[in-house]
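Residue numbers (the working numbering), protein chains in the order written: chain A, 339 to 818; chain B, 90 to 186.
It is possible that some hints are incorrect.
[Claimed, not checked] Below are the DSBU-like pairs computed for lysine-lysine, each with C-alpha atoms no more than 30 Å apart in a straight line:
| no. | chain 1 | residue 1 | chain 2 | residue 2 |
| --- | --- | --- | --- | --- |
| 1 | B | 160 | A | 529 |
| 2 | A | 735 | A | 747 |
| 3 | B | 131 | A | 635 |
| 4 | B | 160 | A | 428 |
| 5 | A | 469 | B | 114 |
| 6 | A | 783 | A | 747 |
| 7 | A | 428 | B | 114 |
| 8 | B | 160 | A | 469 |
| 9 | B | 130 | A | 419 |
These are calculated hints, taken from the structure and not from any lab test.
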Amino acid sequence: MSRKYDTVIGLEIHVALLTESKFLCSCSTEFGAPPNSHCCPICLGLPGSLPAINAKAVEYAVIAGSALNCVINPFSKFDRKNYFYPDLPKAYQITQDAYPICGPGYLDYYVQDKLERTKIVRIHLEEEAGKLIHSGESIIDSEYSLVDYNRAGIPLIEIVTAPDITAPEQARLFLEQLRLVMNYIQVSDTKMEEGSLRCDANISLKPKGSPVLGTKVEIKNLNSFRALERALEFEKERQREVLEQGGQIEQESRTWDERAGKTMTMRSKADAPDYRFFPDPNLPPLNLDPVWIENLKKSLPELPLERLHRLKDQDRLSHYEAAFLVNYPDFGDLFEKVKVTFPEPKAIVNLLMGDYARLAREHGHLNPVRLGELLQLLADEVINKNQGKDILEELFKTEEDSPAEIVEKRGWRMLSDAAQLRKVVEGILADNPDLVGRFRNGENKLFGFFIGQVMRATEGKADPEVVNNLLREELEGGRN
Amino acid sequence: MIDREEVIRIAALARLDLSEEEIEKYQRDLTDFLTACAQLKKVDVSQLRATSHAVTIKPRLRQDRVGPSLKQTDVLSGGADVQDGFFRVPRIVEGQG
Ligand SMILES: [Zn+2]
Numbered sequence: 339m340s341r342k343y344d345t346v347i348g349l350e351i352h353v354a355l356l357t358e359s360k361f362l363c364s365c366s367t368e369f370g371a372p373p374n375s376h377c378c379p380i381c382l383g384l385p386g387s388l389p390a391i392n393a394k395a396v397e398y399a400v401i402a403g404s405a406l407n408c409v410i411n412p413f414s415k416f417d418r419k420n421y422f423y424p425d426l427p428k429a430y431q432i433t434q435d436a437y438p439i440c441g442p443g444y445l446d447y448y449v450q451d452k453l454e455r456t457k458i459v460r461i462h463l464e465e466e467a468g469k470l471i472h473s474g475e476s477i478i479d480s481e482y483s484l485v486d487y488n489r490a491g492i493p494l495i496e497i498v499t500a501p502d503i504t505a506p507e508q509a510r511l512f513l514e515q516l517r518l519v520m521n522y523i524q525v526s527d528t529k530m531e532e533g534s535l536r537c538d539a540n541i542s543l544k545p546k547g548s549p550v551l552g553t554k555v556e557i558k559n560l561n562s563f564r565a566l567e568r569a570l571e572f573e574k575e576r577q578r579e580v581l582e583q584g585g586q587i588e589q590e591s592r593t594w595d596e597r598a599g600k601t602m603t604m605r606s607k608a609d610a611p612d613y614r615f616f617p618d619p620n621l622p623p624l625n626l627d628p629v630w631i632e633n634l635k636k637s638l639p640e641l642p643l644e645r646l647h648r649l650k651d652q653d654r655l656s657h658y659e660a661a662f663l664v665n666y667p668d669f670g671d672l673f674e675k676v677k678v679t680f681p682e683p684k685a686i687v688n689l690l691m692g693d694y695a696r697l698a699r700e701h702g703h704l705n706p707v708r709l710g711e712l713l714q715l716l717a718d719e720v721i722n723k724n725q726g727k728d729i730l731e732e733l734f735k736t737e738e739d740s741p742a743e744i745v746e747k748r749g750w751r752m753l754s755d756a757a758q759l760r761k762v763v764e765g766i767l768a769d770n771p772d773l774v775g776r777f778r779n780g781e782n783k784l785f786g787f788f789i790g791q792v793m794r795a796t797e798g799k800a801d802p803e804v805v806n807n808l809l810r811e812e813l814e815g816g817r818n
Numbered sequence: 090m091i092d093r094e095e096v097i098r099i100a101a102l103a104r105l106d107l108s109e110e111e112i113e114k115y116q117r118d119l120t121d122f123l124t125a126c127a128q129l130k131k132v133d134v135s136q137l138r139a140t141s142h143a144v145t146i147k148p149r150l151r152q153d154r155v156g157p158s159l160k161q162t163d164v165l166s167g168g169a170d171v172q173d174g175f176f177r178v179p180r181i182v183e184g185q186g
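Please put together the full structure from these sequences, using the hints given.
Written out as structure tokens, the structure reads:
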């Protein structure tokens, strides 16, 4: 980045809420049904139909707002945003214009080791549009498009951030954290590939340190975290080049073309739509009970950042280890369960981040009690690390045997009884008088040979440390 | 009197194609309407509580339960052009980026 400019980024994030039925009608929100099979007179906007607000959508919006530290407005109301577009069957979208359900808030997240805060301006409830499938590779080169209204009318929240973000990577990290929060509070499945989490970005450049914002460009069609970061990187460079050549940035909407790796003009401000918002006459304003709002706030689960700090402060995990458990909540939950029977956080996380992670991705998670038993066997040095790995693999194959039973069946219990091992050591030394003599005359490298012999005689079960001590005693005692 | 261009712009937003006579008629009608609004604006409401919605009843929220939808064929019956269960619409964006 040129040292001459500051980058200013703000995001608008759409999160589809995980309700069973749509926002204003009782059609199913299920993904993947045959096209136009989850539609009714209300979500198609047929004359005479009367919408009714889904209570769960309101609840989820309040929960999301609370998790993002937002002011929750007991009073909010619904407006019609009027425009013509093929994905909008009614030719207006129900949204919240002047009185949104949530006011200012913020989200804290890490950029490397630094805790950053991005302010949330507002969150409003609205309805989803239908889905367009373009005949060409992108909307720009499509002669026609196909429309599916199954998605039309699914409840959404739109989260609007302040222009607080200063780099494309930071924008991605913010969005990842936001997605994690939405997962923790279980209001959305946040699948970017299915469109249940979408992001538009506003970006402008201004002379370094200037208090005046530059002209912003809106980028749409950002369907992955990678697309968000790449599109912002591209747009930042494009704007810098325009400015450095003495040009001016046009206020416009651009679309991200994943294949070409660049943003392209969609529409300029000159033909920006005039939405003519007005209150929806069919939907009375919301008047939420402040006690109900407070109760929802109190019932919030532990959020990602809280969990991260608890794992670091109380369980003494490194940032990296804690972040792993936070970013993969299924691993985080398993960690807590294993800790109940085996309270050694470091050992648990080491196991979970190692081979276990790979195996669990293939086969699903193991019972935490069995994992605790395995860790106990390792901690008690009943088995060594390599045997631990074998048993772990075995645990994914069988549900019958406990780790201890597997050890027993395989005869893997580590041999650390000194008296028993001393007999083995003595036997081997007695069988190799020549080599013993050479060692005692200074051929030190033979020590490894003796260790190998003992391990072979015990089928690898001998505790290497005990064998080591015994051999030293026996051999060096008689050294010339 | 609001000008011709304004009427044409408003009509375009609603996808209305007006004749010359209609443009003149709406110039007059909309001007009357805006004059009436201007009159209302003069009323002193500083002592009144703001209302942002005409309806004051508390909304009855709906339980989140799935009900029946229309059959696909019925949904599509309102479409001018359909294909494979979808509505089919002509080119959306004009020109190249
Ligand atoms: Zn419906």
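Here is what the structure says about each hint:
{"no.": "1", "hint": "B:160 / A:529", "in the structure": "holds, 28 Å"}
{"no.": "2", "hint": "A:735 / A:747", "in the structure": "holds, 15 Å"}
{"no.": "3", "hint": "B:131 / A:635", "in the structure": "violated, 44 Å"}
{"no.": "4", "hint": "B:160 / A:428", "in the structure": "holds, 19 Å"}
{"no.": "5", "hint": "A:469 / B:114", "in the structure": "violated, 40 Å"}
{"no.": "6", "hint": "A:783 / A:747", "in the structure": "violated, 36 Å"}
{"no.": "7", "hint": "A:428 / B:114", "in the structure": "holds, 28 Å"}
{"no.": "8", "hint": "B:160 / A:469", "in the structure": "holds, 18 Å"}
{"no.": "9", "hint": "B:130 / A:419", "in the structure": "holds, 24 Å"}
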